[in-house]
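These protein sequences, in sequence, are chains A and B. Per the working numbering, the first sequence starts with residue 391, numbered consecutively. Per the working numbering, the second sequence starts with residue 334, numbered consecutively.
Treat the hints loosely; a few may be bogus.
Unchecked claim - Stretch by stretch, here's where chain B covers chain A in the computed footprint (C-beta under 8 Å, at least three residues):
1) 498 to 504
2) 516 to 528
3) 602 to 611
4) 636 to 643
It is worth saying that the hints were derived from the structure and are not from the lab. Owing to the predicted nature of the structure, the values given are computational and were not obtained by experimental measurement. All C-beta atoms in this analysis are idealised placements derived from N, C-alpha and C, irrespective of residue type, glycine included.
What follows is the residue order along each chain.
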Amino acid sequence: MEIIIYGVINSVILSLMALGFTLVYSIARVPNFAHGALYITTGYIAWLLMNKFVSFPYPLAIVISIGITALIGALIYRFILIRIRGMEISEIIATYAIGLAILEGLRWGGLRGGTFTLPPFIAGSMEIFGVSIDYQRLIIVAVGIIIFASLYLFTHFNRVGLALRGIAQDERAAMMLGIDSDMTAIVSLAIGSGLAGFAAILLLPLGNIIVEQGYAVLIFAIAVCVIGGLGSWGGTILASFIIGFAQILTERFLSTHYMMVVALLAIIITLLIKPSGIFGKQKELEERV
Amino acid sequence: MKKLFYLSLVVLFVVFCIPCMTVAQEKPIILGAPLSTAFLYGWDAERGIKLAVDEINAAGGVNVGGKKRPFKVEVIDTRDLEPGVPVADALLAVEKLILEKKADFIVGGPVRSEAALAAMDLLSKHKKISILTTGVLTPAYSKRVAENYGKYKYCFRNSSEVPVMMGDFMAMLDDLNKTQGFNKAYIMVQDVAHARAGGEYMKKALTEKKWEVIDMKIYPTGTTDYSQGLIDSGKKGAQILFLWMDMPESAALLQQWSNMKLKSLPMGFMNAAEQPGFWKATGGKGEYMIVNLVNGGNAPAKITPWTMKFVDAYKKKWGLEPEGYGTSSSYMAVYQYKDAIEKAKTTDPDAVVTALENQDLMGVYGRMRFDKKTHQIIPSWDPKEGAVTGIIQWQAGKRVQVFPPKVAEGKIMLPPWMK
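Same shape as in the complex, but just chain A (with noise of 0.2 Å):
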């Protein structure tokens, strides 16, 4: 039973940790290689809003903190991506520099070692068909699942989410419909960026704030992309899901070691079998060919 309960656990959190790479790419085909920055960024500003300035409330540092990231996300496009746009290596190579730079910032700047940490917005653990599992653990479940369902709701029902995925779908016909390509741009990489502070929000409190995180976050959000093919949201949910049981099995019954491996194999042999990833739409029709 513990296997199925941490299982499902482990590609929830999967799943938020890729959410926000997914959409920026689906909506803007821009490939975030900030996101992992951008994520660990929120945890970083929000400790500091609770611990070094006025001493905020946690609901309020969470907000302003997810808000900061957002805003840094869009202003990411407007002044640097805007320039060079549509030219995918030089996209990898600036997402990728600009987090590099965030990251190494925070390090320069003395956020270092294993001392920030953000609490559990419930302390505590119950059990669950004999299982313990602590209540931030059932909360990321749950919140997940809200998340995932309102995007949903917002990119099926919303005027600014039907524009997104018009945008997603044929940008030049959308483009003549009046839909400003750039301003879509902007409001999805400001989504994205708030979805990375958001999952670092949830997922934070289970271990403590490390820059290297932001690292490991930007792997784990690729491999569940490229699995599940990027752009696709049921492929990434998918993915997480493929990735997320088979880590807990290989911890299980392999060994603990391996299960940063499993993530980077399933790339490899996703790569091998159908590049475009299981979902995926880009390229289908060439390897089709």
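With chain A fixed as given, assemble chain B onto it according to the hints.
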């Protein structure tokens, strides 16, 4: 007008006289410190070194054959504790200290064992004495000195090494076996060379002592979920969780252990649990964790009269208690250099090597003497005989020294849910 005149005099004094006074000072003795400054074992060593240098310089400096010379520290970031940074980068940093910064002596690192072992040839080539104070716990370091003394005689280490630390742990476990009847252990280590070696060593030693080692799990660096291993340890009745990890993420392990209320006592070598901020960071979930801080004085304790003097001076200068492994040893290394240089009456490396070999100094964590063959500090459980370890347990928000018995300030406590 008069005010303006006096003000001008003061300005002229500051501009012309103070630089002249500095020039008039003797040439400083440069201590090169290659440290991985983004990590605890780097920055706490840097603070320890700087504190000692400030104290020595304030007291007049080092008496080198009748001339008082100040110490000057040159710190360089080796980044060797960061994942993916090649050993060659750390070697370049050491070489830069020697060739560009003109370091007379090396103190501190490199911090990662692989880099420190590789740097030995460089030190030998340039005839630079190094006192290793932090990070490196491999017995291979002292073994190499013993095997090729002529080449590696410039390499010293004043902290500890894995076999000594394991001996300390085994003594504690023997005691727990006798007093509590514990005989089942579960080992969880990080996937890095020293931790795997530590885990294997412990597994062998425990098995020889008729303990049941249920399993040994190896976790990749960066792991934040330890649930499966912990659940397994609980199901199989582990009474001791032996941990060896230097990644900050391992704090999550103790949070999960506490949430699950596992009937096992966590102990080991755990970077995350060393720092004073650990208590707040885990919301008290790390209580009862037993941590090996390698040397006494890395947390408040009354080991020698110098220990608390050092702790208080550190608190005054840096605003917090000594944080963990590498602090007291780095501080002491500077005093060891001072003592050896004064006895040698020169900074000539061969003369200072002899002086260090013959040194007998009562320091922060006991009597400081180097073994003449291995250049490893001589350990002991009695501060009057040798360098004492610092094994603490987190109790009610404080790091309480619980081993060795001669300097223990408290007894090992078990979590209430274990009783």
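Structure-based check of all given hints:
no. : hint       : verdict
1   : 498 to 504 : holds (count 3)
2   : 516 to 528 : holds (count 3)
3   : 602 to 611 : holds (count 3)
4   : 636 to 643 : holds (count 3)
Comparing the model with each earlier hint shows no violations; every hint is respected.
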